[in-house]
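Protein chains in written order, with this note's numbering: chain A, 1 to 261; chain B, 1 to 309.
Hints in this document: simulated from the structure, not taken from any laboratory. All of these numbers come straight from a predicted model, not from anything done at the bench. Treat the hints with care, as some may be off.
Said to hold, decoys possible - Between beta-carbon pairs, the in silico distance windows are:
1) A/Gly-36 <-> B/Ile-101: 38 to 48 Å
2) B/Glu-203 <-> A/Ala-127: 48 to 58 Å
3) B/Gln-90 <-> A/Arg-155: 32 to 42 Å
4) A/Leu-60 <-> B/Leu-89: 34 to 44 Å
Said to hold, decoys possible - To spell it out: a stretch of chain B is covered by chain A in this simulated footprint if at least three of its residues, at any positions, have a beta carbon under 8 Å from a beta carbon of chain A; those stretches are:
5) 126 to 135
6) 242 to 249
7) 260 to 272
Positions of the beta carbon are idealized from the N, C-alpha and C atoms, including for glycine.
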Amino acid sequence: MRRFPVWSWFWFLIGILYFFIPLVSTLEFSLRMLKGRYTFEAYRVAFQDPRFYQSFGYSLLWAVITITISLLLVVPTAYWVQLKLPKARPYVEFVTLMPFVVPAVVLTFGLIRLYGRPPLVLTTTPAALIVGYVVLSLPYMYRSVDSGLRAVDIRTLTEAAQSLGAGWGTILKDVIFPNLRVALLSGIFLTFAIVMGEFTFASLLSRPAFGPYIEEIGAMRAYTPQAVSLMSFLITWGSIMLIQWIGRGARGQQVQVGGAR
Amino acid sequence: MAVERSPRADTGPRQEMGDAPSARPPRRPVTWTWLGVVPFFTFAFLFLFLPSASIFVRSFESLDHAFTFQNILDLFQKSDIRSAYRLSLQVSAATAVGGAIFGFLLAYAVTIGGLPKGVRSFMLTFSGVASNFAGVPLAFAFVATMGNAGLITRLLENVMGFDIHAGGFTIYTFWGLSIVYMYFQFPLMVLVMAPALDGLRREWREACENLGGSTFHYWRYVAFPILAPTLLGTAVLLFGNAFGAYATAYAFTGSFLNLVTIVIGAQIQGDVLYNPGLGNAMALGMIVIMSLVMLIYVWSQRRAARWVR
Numbered sequence: 001m002r003r004f005p006v007w008s009w010f011w012f013l014i015g016i017l018y019f020f021i022p023l024v025s026t027l028e029f030s031l032r033m034l035k036g037r038y039t040f041e042a043y044r045v046a047f048q049d050p051r052f053y054q055s056f057g058y059s060l061l062w063a064v065i066t067i068t069i070s071l072l073l074v075v076p077t078a079y080w081v082q083l084k085l086p087k088a089r090p091y092v093e094f095v096t097l098m099p100f101v102v103p104a105v106v107l108t109f110g111l112i113r114l115y116g117r118p119p120l121v122l123t124t125t126p127a128a129l130i131v132g133y134v135v136l137s138l139p140y141m142y143r144s145v146d147s148g149l150r151a152v153d154i155r156t157l158t159e160a161a162q163s164l165g166a167g168w169g170t171i172l173k174d175v176i177f178p179n180l181r182v183a184l185l186s187g188i189f190l191t192f193a194i195v196m197g198e199f200t201f202a203s204l205l206s207r208p209a210f211g212p213y214i215e216e217i218g219a220m221r222a223y224t225p226q227a228v229s230l231m232s233f234l235i236t237w238g239s240i241m242l243i244q245w246i247g248r249g250a251r252g253q254q255v256q257v258g259g260a261r
Numbered sequence: 001m002a003v004e005r006s007p008r009a010d011t012g013p014r015q016e017m018g019d020a021p022s023a024r025p026p027r028r029p030v031t032w033t034w035l036g037v038v039p040f041f042t043f044a045f046l047f048l049f050l051p052s053a054s055i056f057v058r059s060f061e062s063l064d065h066a067f068t069f070q071n072i073l074d075l076f077q078k079s080d081i082r083s084a085y086r087l088s089l090q091v092s093a094a095t096a097v098g099g100a101i102f103g104f105l106l107a108y109a110v111t112i113g114g115l116p117k118g119v120r121s122f123m124l125t126f127s128g129v130a131s132n133f134a135g136v137p138l139a140f141a142f143v144a145t146m147g148n149a150g151l152i153t154r155l156l157e158n159v160m161g162f163d164i165h166a167g168g169f170t171i172y173t174f175w176g177l178s179i180v181y182m183y184f185q186f187p188l189m190v191l192v193m194a195p196a197l198d199g200l201r202r203e204w205r206e207a208c209e210n211l212g213g214s215t216f217h218y219w220r221y222v223a224f225p226i227l228a229p230t231l232l233g234t235a236v237l238l239f240g241n242a243f244g245a246y247a248t249a250y251a252f253t254g255s256f257l258n259l260v261t262i263v264i265g266a267q268i269q270g271d272v273l274y275n276p277g278l279g280n281a282m283a284l285g286m287i288v289i290m291s292l293v294m295l296i297y298v299w300s301q302r303r304a305a306r307w308v309r
């Protein structure tokens, strides 16, 4: 007969409290805008601000652009490395580790000094923000796609398609992509979650994104920032849950660091 | 594999080159396969390597653009810069060790600690979410929790009559920030440790027991040495995770806490150090520390892979 696992329950309980107390507090705080009772006033105020929609839309657009560029950069590269250029793998993996070694603040610093003046001026245009976001997404995108590619026998599939007379377009569209669907969706939703809440690049490059907007109203008002924070958390939460739901049954939990800390 | 066709069978113009082609090694065709990775590496070169290289070069540049070591020396000599590095290192070390220990205990509890199965998947799912909950929203969540009007603050005051903010105490300090960082630190440890603990095979424990070993012996001589690389690797990863953090700290304390990232951020917005070279040297210092973190992490990953099937 096994003893009742007291300590396991104890640590589990502490963990649950650590997870939920800040969330419950945020919810409670956001409902306290009117004195003496709980209302959704803070949410009403948040939804009235036109800049809420502007910054949200801005981040949404940038998330889509980032995801597109990131996919275009990563998928062909990972596929090519897997299929034809295994020698390049260590170099590609090195590059995907770089965003961790060069944190967002440091990268912004370098980008501004380098591309803030002619011949190539980027930092006064939205292009710099996209560059930063794509760099940020590289590790997650590459790791998702790479593990997806390793899970299926890409070489055999490609050769089989070729011997049946398929061209490269058909191979990518009808053979590779369907097999990579889970991996691609994980990378896409993770990038989406990161970009929607990102603060460092957007703030330092003075772009009107959602992250800086939350920070800004935090300096001006009470209660609404918590309401918006909770919405932002729901975006992250939704994205991650979706990833885990899509990837259920697949082995290995993807662990991510860096991101929008 | 492409089979090289014999030149003799070839009816192309190369036949006219004389009659000795079979003696000559077939000319290696020029390969264009590397072209496929050019866009990726061009992007990385332009937007990762060049900015890093520029930081490196400018770290050795004085105010009048001459070569100097002074900026690097200043990193170690100027007291405000030293204190920024000290605080950043302290917060990172504290949350890495704290996150590693707490995360390990949690991972143990939900994997081999005897808790029901549902508890485990719940904990892993939530860890996946929480490890990604960072930045501005996280900072505001903790303001609502333990700030001046936070839930915990009010509960302590109303229920226990204890005002934690009396006597000038504020949460916008080293400890407060560490508590906030812990929110995304320990879930990461849970995510890494849970599969590692699952990987401990029952045969190893049985073998240890058959040889007369106690639970202590098992953990001391079998389980811990196997898990140690994973533990170390993840702990340094947590360290780097906290060290590079900017958004959370900025939203939580403004520029009140003197972290390295905060100083660099301020340097970007306006030359607060009155010396661009010194700003670059600070950034270079971060890159050096993060590179060390990465080296230790990669090394420990290799060690950890030994025991994985």
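Exercise for the section: Report the numbers of all earlier hints that the structure fails to satisfy, in ascending order. Expected result: 3
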